[in-house]
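Colleague: My request is simple: use the sequences and hints to build the entire structure.
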Amino acid sequence: MADTILEIRHLSKSFGSHEVLRDIDFTVSKGDVTAIIGASGSGKSTLLRCVNLLETPTSGEILFHGKDVTGRGVNAPEYRSHVGMVFQSFNLFNNMSVLKNCMVGQMKVLKKSQAEAKETAIRYLQQVGMAPYINAKPRQLSGGQKQRVAIARALAMGPEVLLFDEPTSALDPEMVGEVLAVMQDLASGGMTMLVVTHEMAFARDVSTQVVYMNQGVICEQGSPAQVLGDPQKQETKDFLSRFRNN
Amino acid sequence: MNKFAKLIDDISLLWGTYMPAYLTGIRNTLIVAIAATLAGCVIGFLCGILNTIPHSKTDNPVKRFVLAAIRVMVRIYVEVFRGTPMVLQAVFIYYGLPYFTDGAVAFKGNSGIWIASLLVVSINTGAYMAESVRGGIISIDPGQTEGAKAIGMTHVQTMMNVILPQALRNIIPQIGNNFIINIKDTSVMFVIGFVEFFATHRNIVGNNLKYFPSAAIEMVGYLCLTLAASFLLRWLEKHLDGSDNYELVNDDRLVMAAGTYNYPDKGTPFDERHKPSRDQVIQDVKFGKQRGDR
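Quick mapping for you: the protein sequence lines, in order, are chains A and Z. Just so we're on the same page, my numbering is the position in the first sequence counted from 1, plus 2. Just so we're on the same page, my numbering is the position in the second sequence counted from 1, plus 1.
Hints in this document: simulated from the structure, not taken from any laboratory. It should be emphasised that the depicted structure is a prediction, and the values quoted were computed from it without experimental measurement. Watch out, some of these pointers could steer you wrong.
To be verified - Each computed BS3-like pair below joins lysine-lysine, with the alpha-carbon atoms no more than 30 Å apart:
(1) A:Lys113 with A:Lys102
(2) A:Lys120 with Z:Lys239
(3) A:Lys235 with A:Lys102
(4) A:Lys69 with A:Lys114
(5) Z:Lys4 with Z:Lys211
(6) Z:Lys211 with Z:Lys7
(7) A:Lys102 with A:Lys120
(8) Z:Lys211 with Z:Lys185
(9) Z:Lys109 with A:Lys69
(10) Z:Lys185 with Z:Lys7
(11) Z:Lys239 with A:Lys102
(12) Z:Lys58 with Z:Lys109
(13) A:Lys32 with A:Lys69
(14) A:Lys69 with Z:Lys64
(15) Z:Lys64 with A:Lys113
What the hints assert, rightly or not - Computed Cβ-Cβ distance ranges for the label pairs, DEER-style:
(16) A:Glu121 with Z:Leu249: 15 to 21 Å
(17) A:Phe245 with Z:Arg235: 33 to 39 Å
(18) Z:Ile116 with A:Gln128: 56 to 62 Å
To be verified - A few chain A residues that face chain Z, going by a derived Cβ cut-off under 8 Å, partial list only:
(19) Leu56
(20) Thr58
(21) Ser61
(22) Leu65
(23) Glu80
(24) Ser91
(25) Asn93
(26) Phe95
(27) Asn97
(28) Val106
(29) Pro134
(30) Pro140
(31) Arg155
(32) Lys235
(33) Gln236
A virtual CB, placed ideally from N, CA and C, is assigned to each residue, including glycine.
Modeller: Right, here's the structure in full:
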């Protein structure tokens, strides 16, 4: 059994009387690539935002290396610096260049020196193929380029887990490939990833674990071959049949 | 036409005699307008930041109470100073302080007048700026905050590095507005005896009754000041936006600068050059497959 990094236990989240997540349970081990799939509104993104404490769970526990991070007195910013997040809408800092975007967190949160931060930033920007653009502002980049910078920004913090919230959903079709390629590259490098996605091919080929969510609960989870290849529940079959065209 | 000739005569006479007085007036107006706008910005930023500290029902009661008290106080300050005429505020503060303290605390002499003027214009500007700053902060996309939080920044770090720089850029037109208003509205400080540009006019016409020629000088003078101010502010805005262009940096010849990461020969399952995928597509085309859903 590999090292367990994240353990989600009985996690629930309500917005007012609307229950978005119910009794979510799953575990992420080191090196896992977990694909969370499901229809829009099934709670996938909320789950991911709960994991990063951008939403406060109503009940349940999130154990990071065995320690609950949902309680009071937990240093949320400190925890988040270990858990990177890539957003659907990129969320690059509009007032900074590409390079500054990747440096600011290292300098302010990790307290690295400017030279060290720059070196790390450039290394990860090279990895995502954006090193030539260090002087550009986010508004001058295409969607795919922005998302690759956002990935480099998250990587530069040296996270143990990287969360992706529909990283390709806001992209033009021809830019999806470049972002997925970077993600596949990361996965093969052993990065632990939690990916909310509508890219079934990515879930099938890259992930090691698939979680299918339906109406706020985990309907089915297991290896890609199990969930995508041989689904047991009717809901899963119905959902997948919309992606299979034959 | 001879009316205009007379006006020009009168103006040159006034200007020739009282030029130093007019220039001192302009100088005083500018000093108060600039200093009070800057101080007002500081007050406005403080109030705007205090007003936008995030609060939730799960915070402990003490913190919630303190935050609520701060918001109420800022609100009262803004409403009072935005909702009363500055000319009255000047009288109120200049005479009110000695009245309540039996003259122990008073704005004494010329420097007292200066301090009172700066104080009144600053807190008045601050009241307007507080709302502008609050608007500037809440107009920034919440995604920016989330992006900053997601890399582990605290609220203060997020504000200082990400939100406020963008909010500041967005409210520069408002700051400019306030500056121009201040150039003109410092004129009401004559009620407490502050000798700025307009008070100079009152003093001069008190001697020679040339109301209209002196007013003409004042009009042109104020217009020159405000035009110069708006020109400078435009320049500043443009300067802050930075260049529309950027240079590609390509030290490493192996890194492709075309924005593509895919290796042409190898490909990935997600691009069209990947051989297995291409074969699949050919198969699909041959044997029929609905396209569309990804």
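Colleague: List in ascending order the numbers of the hints, as given earlier, that are violated by the structure.
Modeller: As far as the earlier hints go, 3, 9, 12, 17, 21, 22, 30, 32, 33 are violated by this structure, in ascending order.
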